[in-house]
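*Asks:* Sequence:
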Amino acid sequence: MKKIILRIDGMTCSACSSGLEKYLAKQKGIISVNVNLILSLATIEYENLNQKDIEKLIARAGFKSTGELKRIEDRENNKEEKIQIILFGILALFLMVPMLLKQLPLINEQNPILLSSIQLIISIIFLWYGRDILKNGFINLFHKIPNMDTLVTFSTLCSFFYSLYNYINLLKGNIHAFHNLYFESVCMVIYFIKLGKWIEKGKISSSQKAIQKLVQITPQTARIKNGKMETIVSLDEVKKGNIIVCKPGEKIAVDGIVKKGKTYVDESFITGESNPVLKEKDSKVIAGSLNYDGYIEYSAEKIGKESTISEIVTIIMEATNQKQKMQKLADKISSIFVPCILILAVLTFLIQIIIGYTLHTALIHMVTILIVACPCALGLAVPLVVVVSNGLCAERGIFIKNSEVLEQGKSIKTIVFDKTGTLTHGKLKVFKTYNYSSYQEEELLNIVANLESHSSHPIHTAFKISKPLEVEDFKIRNGIGIEGTIHHKKYQLGNQHLLNHQDSTYESHQNHLTKNGCSIIYVLESDQIIALIGVRDILRENIETTIQKLNDNHLEVIMLTGDNQKTAKIIAEEIGIKKVLAEVLPVNKKEQIELLQKENKNVMMVGDGINDAPALTSATIGVSINSSTDIAQDAADVILMNHDFQNLLDLIEISKNAYQVMKQNIFWAFLYNIIMIPLAMGLGESIGLTLSPMLGSIAMTLSSLSVVLNALRLRRKINENKITN
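Residue numbers (my numbering): 1 to 725.
No lab work stands behind these hints, which were simulated from the structure alone. Hints are not guaranteed to be accurate.
In silico SDA-like links for lysine to any residue, alpha-carbon gap of 25 Å or less [what the hints assert, rightly or not]:
#1 K410 / K579
#2 K427 / G576
#3 K566 / I520
#4 K259 / L290
Start from the sequences and build out the full structure, keeping to the hints where you can.
*Replies:* Shown next, in the form of structure tokens:
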């Protein structure tokens, strides 16, 4: 089975996207398909087909594939569209003059044919301008997936041909036919729909800025080093293993590992963390990072689709393509809405003719129904909010893989943290050193590091050699420690079994290290104790403040760990976590999450995405922190790039606000149709409320814009709140 994301051209409403989904899903070889209306993308899983076969199927459905998604396109309105909008706007205003003049008796009597001929010519020009709408309307009807374009096509052509019929009668001498011309309505409907789409397109593009920044951040060239020669090449020419040079002020070209040099880089575009990050030998660097002040050489490791940026873009696209419950409901309604409106319009026309309405009045009511009932607002109600929310999260270094998180996040009451690698760095570090020797602490730790470098015990990772020393006569003493000779002096490192007898001199220091959950290394020189070194897994920066904020927001915080009860409680008490589930094997973590959910708790699980994978998938929302860059394979719904758990509050707050805006959008979309369709049918005429086709097109455009603007309001509201200050 293969997967591809294609860009789709020609979709105008949710009836288009849902219709295309239904059409493709029925085709042989297509396993699953999700169509994204806002970003104009289709994510397709398939077998026994190729890209060209799929693009042919899309063309048969009345749409056009513009190729595989390589990057998020800049969807700002182009200059040509803007010029067309202005020119046809001027032409529409010019058309309004004859429409007003025809109300004057003198003009009606003297120049009706001239004025109606001007209207006819201009309406033909507007039909050409809206030819894409008319074409799509017929194609979609032919493929049994009628959409907004189908409604507009029927309404405009009915108005045009009815007006053309009366124009011919006018030429034959029937002066009264002049009052039954609606060429201006044809033009105004097409113009306002074009104008609405153009404005929507511009507004929607502003919600994608954060996502666009990700794919536009990487440089276009790289400086490859070959021996002493440096060559500037395009990114397409970079191969794995190439040594790439990055000088101060330049950007990292591809993901890689530093081989030489030292510098600070800015990774805020991906982690949301503004502080510079130190990069030295064996450090990982991410494409697009800005090199501040140093010179480094790094080996290219991930290029093209394997890069961190590409993986993040894929995650965001797939998340945005996924359908939420509310969006599925809106799509289902839209798919049956258009056929129902077509039937309602025809029935209204026939019934009004039967009960005595004039042909002119019945036709106008039918045309107005077709115009005002366009399901644009309903189609934009949910997916646009998803795009805006994903952009807000991306700006904070939160990448959502499953868009249902936006519905589920609002109800999270319990957050479960893994300990090792999540609340802590997951790497042993020196917590505290009690130095009883004449050595400087740096010198002492270097001696220990040189000795530990010969050991395979995990504790050796806590030490780093600053100056290589020759170690002689190295021995491992099983269950006790290690020993070796440096500069003719014998050193021993290990546990308290190294001591011949218990010495109360160091008891207070031992108790302090034990109380803080440290493993103690006793350092002996010539059988005399010269230091106690406490080694432990170090807590992440500001974790105490973060846990306090989570508690202040009435979230239940739980630590879930495989460590022993004593160590786990020491860490939990230190950072303010009250409930601890310790000595839980990785295979049993999933069961603990399920037990919490049975207590009617919506649980967010935060882990490293490897040993915690079963628990992450079982939780209501699984969050994976990520110090590495292999983010695409994590089992979580959300990837937290900067390890700042205060962003979990951002995620929950964005979810609450996003869900509220979705409900508001769907409510207003339905309310619009509930009010406008009866008016279009003429049911308000008894109380003086009427609706012409032209006013209907304006109302339809304003309905769509209200949904767009309400969705964009979410960005302003979240940014103004400054949630994690």
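*Asks:* Quick one: which hint numbers does this structure break? Sort them smallest to largest.
*Replies:* As far as the earlier hints go, not one is violated by this structure.
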